[in-house]
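So the protein lines, in turn, are chains A and B.
In this text, residue positions in the first sequence follow the numbering used here: the first is 1, and each later residue adds one.
In this text, residue positions in the second sequence follow the numbering used here: the first is 1, and each later residue adds one.
One or more hints might be untrue.
Chain B stretches covered by chain A per the calculated footprint, using a threshold of three residues with CB under 8 Å from any CB of chain A [as the list claims (entries may be wrong)]:
1. 96-110
2. 152-162
3. 382-390
Below 27 Å or equal to it, Euclidean Cα-Cα: the simulated DSS-like pairs (lysine-lysine) are [claimed, not checked]:
4. B:Lys75 with B:Lys123
5. B:Lys317 with B:Lys300
6. A:Lys256 with B:Lys165
7. B:Lys165 with B:Lys375
8. A:Lys272 with B:Lys429
9. B:Lys123 with B:Lys165
Rather than coming from a laboratory, the hints here were simulated on the basis of the structure.
Yeah, the Cβ is synthetic: ideal placement off N, Cα and C, and Gly gets one too.
One letter stands for each residue in the lines below.
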Amino acid sequence: MTDAATLPGPLAGLRVLELADEKGQFCGKLLGDLGADVVKIEPPGGEPNRHVGPFLDDIPHPERSLSFWHYNTSKRSITLHLATADGRQIFSRLAGTADVILETFRPGFLASLELGYESLREQNPRLIMCSLTPFGQTGPWRDYLSSDLLHMAAGGEMASCGYDEADVADAPPIAPGGGNAWHMGCHFAYMGIMAALVHRTVAGQGQYIDVSIHEACALTTEAAITNYVYRGEVLRRQTGRHHAAGATPRTQFRAKDGTYVCALVGGRLNPKFVRDLAELLDSYGMAGDLKDPKYQDQAFITANTSHIIDDLVADFIASLPAEEVYHAAQARGFTWGAVRAPEMLLDDGHLHDRGFWKQVEHPEIGRSFVYPGEAAIYNGSPWRISRRAPLVGEHNTEIFCDELGLSRGELLVLAENRAI
Amino acid sequence: MSLPRALENIRVVDFSWVRAGPWATRWLGALGAEVIKIEWPESERGRLPSSTTPQNLEVNLNTSGNFNDTNVNKKSLSLNVRSAKGLEIVKRLIDISDIVIENFSSRVLRNWGLGYDELCRIKPDIVYVSMSGYGHTGRNHSYTTFGPVAQAVSGLTYLSGLPDKLPAGWGWSYMDDTGGMYGAMCALTGLYHRNMTGRGQHIDLSQMVSSVPLNGPALLDFTVNGRGSLRAGFPPGNRAHWPGTALVNNYRGPTVAPHNAYRTHPGGYNDWCVIVCHSDEEWQRLVQVMDATSWASPEKFATVAGRLQHQEELDEKIEAWSMTQEKYALTERCQAAGVRALPVQSAEDRVEHDPQLHHRQMYQAMEHPALGLHKVQNAPFKFSATPASNHLPSPLIGQHTQEIVEGLLGYSHDELRAGFSDGTFWPTKRARFPYMEDMLQ
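Start from the sequences and build out the full structure, keeping to the hints where you can.
Here it is, written out as structure tokens:
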């Protein structure tokens, strides 16, 4: 077999134009890291997300946003002012060279510049355009403003996340952090774009895709919808575990080092599970009375659920560091895990074995940094970060002159007239 | 004439179970692929245990509501793959398929005699997507996950909650949903690559690993700046910043206030609204909506720095107002004025009250032979040329065994009957469903 590391990515040869802010930049990264030539089209001066922190050494600057760095790997950048006639004309020419356009403008904006899908496809019938917007192109909320927090509220995430009353009295519903509303939208947008690309390999024609982030979020709450649809149940929030119609046993236990372990025990307590659990605890001398034969009776187990979970398991986990509980339990077949802060992942041996962490060069500052890598290993067409996030307009000359054929003089005029 | 579908003529051999794998193939089915679910009632996980069977129905293999929603657009072949005959049949199916997808533990398919090398011998350009918890390579490949464990180990759980409290985490298996997304994304990417190059491949997806890049900015803050997430004021609940702690970005966008959830009238469990102002201008619009110039006009609230510094007081005052408003009315008033606000919505709210999801036809009723007529979740992408659709209810277990074995694979009716007698298509000691008896006529 060929050495996979030398092969092109699965999307090699695809040209993507990305006109995306925080809503769509992750989709561009997904495409770029898998080999597509993603050209990010930014307004002159740069995309506003360059102003979102944290920043390199905490010095705010459009080229130092770590958030922008993460979400814009493997892309090239050009600047273009679409509100100018020159900008529109150049964009239209670029669209003629593109396989995919990904855009996150408010509905109708590109069409108002005569750059909507119907106009662009006339010169490029193979073009696929994906509009990824908060609520889609139609409907009463079409023009509503949004944010990550707003999507987590309306999408249903917050209604399912929070605390047991005993842990935090009167707690609000909680929106998980990290900008996951944008991830949810981008996963579906990527899927839609790939489906359209597969179809194009057969049919030869492009198409338009209208993706709604609100719908993506509303689809991402597992069984919340089906509990309501089939049983009329509205689920309650619980600390660190599944929403439920009625209270379920806790799954999060404090370890000796002050961090937590996610230990799935409740709902699984049968004689075999208890025997295995007794062996795990006993290997640390913490089995208590769990090896007593009376625990081979299901009725006895059920009657002593709270003792098993709140005394034995809780005490066992409290006696050890979270990482040790995690590995010892998994080695014995328990689906348990340490609740880690992200930085603890840097020490994860499994991720190292998979070659997950990538050194990414930032030649303009003469440094390289460690970035997270691939979700999946493609054995025939590898994922890779082909370059760090681009500087503002870093590829203006390369793309406008070398590829599109403008002269350096024309570039000068465009710059002086604020078209690029 | 009906429109074509994006994955017309694509066939998927789907060994997946529980949730993440079936959620992946659900979308391949919605996009038009023929998804053939290989099932065996003795080792079934996904139909049972069921906590979503309607109260008036018996819990059995065909009455899980959540299974139905997760498995629309698929066919079911009940087959004992761990028998020589069953293995032979599934190999004939793979030979005429495009994609094999599974989410077992890392060595299961290989132990059945269906490792990637063998799949290639059967179908040289097969796209094989494995979706195990930790992937097929790496020292912990044999570890197992459910969504909550993948979320815990990858750092996702930790990013959700109030500072100085336990992690609130995610109230469901977010990484079963998202792991399913990645399964479908990998399958489509592999399929596109195959169509372009003629070559298949093995795509080794890991549920745990796929969660890690979702923490990208937090990870870079550590690898670049050395700042970890184990720090005072983090995670900041629903806020962009926790009052009284160092002003740093908390990985959810710009550091602004207001940025929180507020109680609304009449104060029920899900009567909450979120409000965010990304600029002073948006804040001034909110002040107008609240008619709050009396308390909001002082200098301390005029700037984002001031609002962050006085966030406790700010949030108290906003909530005093929001508690007089019903959450949908508050949303409409704010949005009409250009203020970012939306209601916290329960499942009931989304299905019954959300005007946007209603307009976009996100929940369309579909008849299922055992469950009856119920709403099924629709696709979030609208294609101009190849619409995604829900065109088949979830299959009854083994419902399409005859169609696939005789119709697709060309076995005779006698061979089908023999396979039911010898335990290839259904355990001999297990009662058959009436539709199976019909197949044997």
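Verification of the supplied hints:
Proximity of the stretch 96-110 of chain B to chain A, defined as three or more residues with a beta carbon under 8 Å from a beta carbon of that chain, is not established by the 0 residues found. Counting residues of the stretch 152-162 of chain B whose beta carbon lies closer than 8 Å to any beta carbon of chain A gives 11, which reaches the threshold of three, so the coverage claim holds. Counting residues of the stretch 382-390 of chain B whose C-beta sits closer than 8 Å to any C-beta of chain A gives 6, which meets the bar of three, so the coverage hint holds. For a cut-off of 27 Å, the pair hint linking Lys75 of chain B to Lys123 of chain B stands: about 21 Å separates their Cα positions.
At roughly 14 Å between alpha-carbon atoms, Lys317 of chain B and Lys300 of chain B fall within 27 Å of each other, so this suggested pair holds. Distance hint between Lys256 of chain A and Lys165 of chain B is fulfilled; the C-alpha atoms sit about 16 Å from each other, no more than 27 Å. Distance restraint check for Lys165 of chain B and Lys375 of chain B: the Cα-Cα separation of roughly 38 Å exceeds the 27 Å cut-off, and the hinted pair is therefore not satisfied. Between Lys272 of chain A and Lys429 of chain B the alpha-carbon distance is near 25 Å, which keeps this suggested pair within the 27 Å criterion.
Only pairs whose Cα atoms come within 27 Å are accepted, and Lys123 of chain B paired with Lys165 of chain B is rejected, the gap being roughly 53 Å.
Of the numbered hints listed earlier, those contradicted by the structure are 1, 7 and 9.
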